[in-house]
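Build the full structure now, drawing on both the sequences and the hints.
Chains as they are written, first to last, in full-length UniProt numbering: chain V, 1 to 32; chain F, 1 to 545.
Hint data in this document are derived by calculation from the structure and do not stem from the laboratory. Hints are not guaranteed to be accurate.
Stated by the list, open to error - Lysine-lysine pairs mimicking BS3-like chemistry, simulated, CA-CA at most 25 Å apart:
hint	chain 1	residue 1	chain 2	residue 2
1	F	K538	V	K6
2	V	K4	F	K538
3	F	K207	F	K538
4	V	K6	F	K207
5	F	K508	F	K434
6	F	K291	F	K538
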Amino acid sequence: MSPKRKNALLALALAGIAVGVYVAFFFEMAAR
Amino acid sequence: MSTVNPTRTHDHHGHDDHHHGPVTLADGVWPWMKRWIGTTNHKDLGTLYLIFSLTMLFIGGVMSLVIRAELFAPGIQFVDPGFYNEMITLHALVMIFGGVMPAFVGLANWMVPMMIGCSDLALPRVNNWGFWILPFAFSMLLGTLFVSGGAPASGWTMYPPLVMQTGNALPLMVFAIHLAGISSITGAINIVVTILNMRAPDMPLLKMPLFVWTWLITAYLLIAVMPVLAGAVTMLLTDHFFGTTFFDAAGGGDPVLFQHIFWFFGHPEVYIMILPAFGIVSTIIPTFARKALFGHDSMVYAVASIAFLSFIVWAHHMFTVGMPVSAELFFMFATMLIAVPTGVKVFNWVATMWRGSMTFETPMLFALGFVVLFTIGGFSGLMLALTPVDFQYHDSYFVVAHFHYVLVPGAIFSIIAAIYYWIPKWTGVMYNEKLGQFHFWWSAVWINVLFFPQHFLGLAGMPRRIPDYAVQFTDFNMISSLGALLFFLGQFVFIYNMIMCMRGAGKKATGRVWEGARGLEWTVASPAPYHTFEQPPKIDPRELA
Chain V
1 MSPKRKNALL ALALAGIAVG VYVAFFFEMA AR
Chain F
1 MSTVNPTRTH DHHGHDDHHH GPVTLADGVW PWMKRWIGTT NHKDLGTLYL IFSLTMLFIG
61 GVMSLVIRAE LFAPGIQFVD PGFYNEMITL HALVMIFGGV MPAFVGLANW MVPMMIGCSD
121 LALPRVNNWG FWILPFAFSM LLGTLFVSGG APASGWTMYP PLVMQTGNAL PLMVFAIHLA
181 GISSITGAIN IVVTILNMRA PDMPLLKMPL FVWTWLITAY LLIAVMPVLA GAVTMLLTDH
241 FFGTTFFDAA GGGDPVLFQH IFWFFGHPEV YIMILPAFGI VSTIIPTFAR KALFGHDSMV
301 YAVASIAFLS FIVWAHHMFT VGMPVSAELF FMFATMLIAV PTGVKVFNWV ATMWRGSMTF
361 ETPMLFALGF VVLFTIGGFS GLMLALTPVD FQYHDSYFVV AHFHYVLVPG AIFSIIAAIY
421 YWIPKWTGVM YNEKLGQFHF WWSAVWINVL FFPQHFLGLA GMPRRIPDYA VQFTDFNMIS
481 SLGALLFFLG QFVFIYNMIM CMRGAGKKAT GRVWEGARGL EWTVASPAPY HTFEQPPKID
541 PRELA
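Dropping the structure here:
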């Protein structure tokens, strides 16, 4: 895997965690 | 310094300034502006972050002077209570999200690539975007002073139902926080990817400098909790405009829920503002003690432990809202546990100095000021952690004294120390040492005059966030306000000293700058070339942590 692709994949995974936390929190609270 | 290792190359990022130096003002105003607006260079962006941050620290500082002027004497002096509350709110938001956090991101931008031997951050265009969001976010936030209903006046904690009384400023504040959050998250992602993927091949994780380690852990905290804040303020927005009732008891919601969500973000946020400071102090003290950092690995584990514990202590900010006793006990003991890894760090700093060959240049003075004064803030934090007594301290000026001790002579002293420490590397000239020493002693005296009396005010029962108070609190308030004004004025000496460096006035700095400095950043010339480590360096083991 090229270094550039490796960087992009890790960045996307971390961004996914951030967006996931945001969405999960919002909908978890909405479900209460 | 280094020999080229031809087996590894770092990717280049497509911008066309690899083969010549940066555009300067001599090339024309427009090309110069385009350079700064479009730059993807980590050193340029580090400079932009630091200039932005210092601007915000001065704006927030002026707001604090409005607060302290009003509190100089009992009664309403200068501003009406509504505006006073707006100052309280904006001072905190500007200092936290506009001052301290961008300053640490700026330092990371400048130093992390140079400390780990890579050419730039992993995602340079994202880095540019992350910075340029901030001026818009804070123009919007400060713009709320001019909208109908005034700026937010609920305090930076934005507790409902009070925050629902905000006028047109509410959506602007929420959007500004979203933007600042996106900026922090992009910065954090960039730092994690850079550290994990782009270190020089000879640098294993546990051999990284402490500043890099503390930033790696801070970046994970940012990625984990900034979205929680974003979620909380989005819920405020939907409660206000779209008929949801997350925090409205009349619709089945719960205002206390907001406090839990907010502090689930808010407590790790406290460590986001102090862990990089620990990294800075752990870098500076060994340099001026001319000894390796005592217990490097234990420092890393201590920082990781503090970061973990930061997620399970949030309710100590809200002991008085009503919680099961078992929960209060859990949060009390978990909070007290933080003293263990923090103690490890303080003892390690002291052990590093023990029998060291110490000198006291300005960065070292600010680092030592940090160790002593941050520890005072830590001890008052331990007092606040005790549930039964917190019922007395809660929402009093004692809390204001506590968190200002950890944030001003804590976080901000570390930022000042870092700038003095690295500015010879950035500009190629030494700052004026005499002015630096004056700046430290002036700041160290007046910061204590400013904040120490606030402990007494709080213990005597003066509440926080009020523009007026009972007459028995007058003397300590006068002393505190005097300290605030004199501390603030002293910071112009710092700005003058830094501007002189940026203009190249002063003694030329050597590459190593400080006799006891170790690390890759000192192996390049001063000022650091526009591009460093385009090929990964072969590292002399003596430069490793």
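Comparing the hints with the structure gives:
{"no.": "1", "hint": "F:K538 x V:K6", "verdict": "23 Å, holds"}
{"no.": "2", "hint": "V:K4 x F:K538", "verdict": "22 Å, holds"}
{"no.": "3", "hint": "F:K207 x F:K538", "verdict": "14 Å, holds"}
{"no.": "4", "hint": "V:K6 x F:K207", "verdict": "22 Å, holds"}
{"no.": "5", "hint": "F:K508 x F:K434", "verdict": "16 Å, holds"}
{"no.": "6", "hint": "F:K291 x F:K538", "verdict": "23 Å, holds"}
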